[in-house]
Amino acid sequence: MNFFTSLVFSAILLGCTYTLVAIGYCLFFGVLDVVVFCSGDIAIFGAFSIISAYVMLYDLGLFQVLPIAVTTMIILAVAALLCALLSILTYRVSIKPFERSSALMPLLSTIALGTVIREFLGLLFRPLLMTITGPITRVADPINITSGRNPQAMPKLIAPNSSIDVRNYIIIAVTFLIILLLFLFLNKTKMGLSMQAISQNKELAYMNGINVRKTINITFVIGGIMLAIGGFLLGSYQSVVRFDTGSLYGSKGFSAAVVGGLKSIWGAIIGGMLLGFVEVFVSGLIPGGTQYQNIIAFLVVIVFIVFKPEGILGEKVIEKV
Amino acid sequence: MSLLETKGLSINFGGIWAVDDVDFSIEPGQVFGLIGPNGSGKTTFLNIVSGIYKATKGKVFLNGEDITDLRPFEVFQKGISRTYQSSRLCWDLSVVDNLLIGSYTSQSYGFLDTIFRRNYVNHEIEKLAQHGLDMLSYFNPHLLDKRYELAKNIPHIDRRRIEISRAMVSHPKLLLLDEPTAGLNDEETMTMMRDIGKIKEKMQDIAIIIIEHDMKVMEHVPEKIIVLNAGAKIAEGVFDEIIHDPEVIAAYIGGQES
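Quick mapping for you: the protein sequence lines, in order, are chains A and B.
In case it helps, the working numbering puts the first sequence at residues 1405 to 1725.
In case it helps, the working numbering puts the second sequence at residues 59 to 316.
By construction, these hints were calculated from the structure, which means they are not laboratory data.
On a predicted model such as this, the values are computed, not experimentally measured, just so you know.
Be aware that one or more of the hints could be misleading.
Taking lysine-lysine and the DSS-like style, the derived pairs with C-alpha atoms no more than 25 Å apart in a straight line are [unchecked claim]:
| hint | chain 1 | residue 1 | chain 2 | residue 2 |
| --- | --- | --- | --- | --- |
| 1 | B | K282 | A | K1594 |
| 2 | B | K210 | A | K1712 |
| 3 | A | K1606 | B | K136 |
| 4 | B | K256 | A | K1606 |
| 5 | B | K210 | A | K1606 |
| 6 | A | K1594 | A | K1618 |
Based on the sequences and whatever the hints tell you, model everything.
Quick look at the structure:
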């Protein structure tokens, strides 16, 4: 693989991780017109759930008894369940009470809840963090590290015995599979169609036989699962996760969603990929560019919203006096 | 047994009785008009029946079943469908997509059917769409050619037709039309009232309640007219009786002219 091809490949890989969070933002915004700012933290919570479930299964000795595919499914199911619960909790605690308030209230409350999740993860995993003596590097044996000392090392659940390249191919394939399943769900099932109807016109949907409350709850469950998978893929891509990365990860996912057009899932995919490409190409083509990748990525976001505030696939809203 | 019956229906907003002790009943196949000056409580009455507002006092029965405390989507699923005074179309969806919004909730297929019985599900959805398009083409045959056009590109009177057709897709027992002629000129208003008459030709058993503030519009369709004023029912009867009712003249026509 030559240098340019490897850059493109890395960009798609990073874009995949942003895309899933961006889709989470899209789903939530679609049904509630609210930006759920703790989405990145929910995703990182998902990654930590995977680490915790992994350690628990390891301590129980289940890796010796069950095939890796089964243990991986159990771990992912636990993380998805926990993220879905956290997502529902987010709706109940920080959005629902403010349904009749100014849009600023859920904005602030989800930012606050994001901080709570972040600090909670930091507190929960800090005692183990303190035992780290050396720099965090890609780990050869995740079992020893995760079960003993470094909770930030992401277990290699994806093809543990294969090369990084193979794992990365799998990450891309998983992302596309998840997106495909989401599209089928949104376009073929009653619940998916209800979510789209609410996104178009909530009042109309309510008056046309759609149980809006139930649909919103299920949207948060699905969004939570998407975010858990996003956190898992990000952790797998980077091999490590930090409890405080949720804020930046969430900001990037949100930026990707806005650049793409906040109510469009295709837009979220394009926005996520765009951000991934900008970051990877800045760090790959500019000498010492890694330090500037976030600066340039967010400057690109600002330029985009100045010239195309509705997003790439968003509809222009004209306010009439 | 009446299709829809309200007993002592009342709602209080901050000390004001917006609907005050209204008794009402309609049988299957009947077309009633509900008129009254602005602020008389017509739309509020419809909003209580369709579950948007909760009645302070009184009850709403559909086929003898108490539906007073049901939520709007449950009222819809029981067979009451409605349109609005201001347009409630999804502008960026096609005509046919607008027709289908929410209609699938009345279908019996479940999640597993959507995976394992795609042909059956597609057939059910096509049946719904066809029913809506039949209604739409009955109003205006040219609309069939526009079924894939976005709603925002459709003329106002045809938007009204789409909304009425959408309300019909789920085969309701009772159709509530809130000022279906709002925003239409005189000629379009007459066309719309003829269209509403066509509904009866298509679905004989459906009951329809039409809200209007324009008395002369009522002359063309309803079998019976109920007049509200300040939330209370002040008259009930056929058009000729209503226009000669002194209380109606005082409260409604007199009020408008003064």
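We went through each hint and held it up to the structure:
Distance restraint check for K282 of chain B and K1594 of chain A: the Cα-Cα separation of roughly 39 Å exceeds the 25 Å cut-off, and the hinted pair is therefore not satisfied. A distance of roughly 22 Å separates the Cα atoms of K210 of chain B and K1712 of chain A; the hinted pair therefore holds under the 25 Å criterion. For the hint pairing K1606 of chain A with K136 of chain B, the CA-to-CA distance comes to about 20 Å; that is within 25 Å, so the pair holds. Between K256 of chain B and K1606 of chain A, the direct Cα distance comes to roughly 30 Å. Violation of the 25 Å bound is thereby established for this hinted pair.
Our distance criterion of 25 Å between C-alpha atoms is met by K210 of chain B and K1606 of chain A, whose separation comes to about 18 Å. Straight-line distance between C-alpha atoms of K1594 of chain A and K1618 of chain A comes to about 12 Å, which keeps the hinted pair within the 25 Å bound.
Hint violations for this structure: numbers 1, 4, all remaining hints satisfied.
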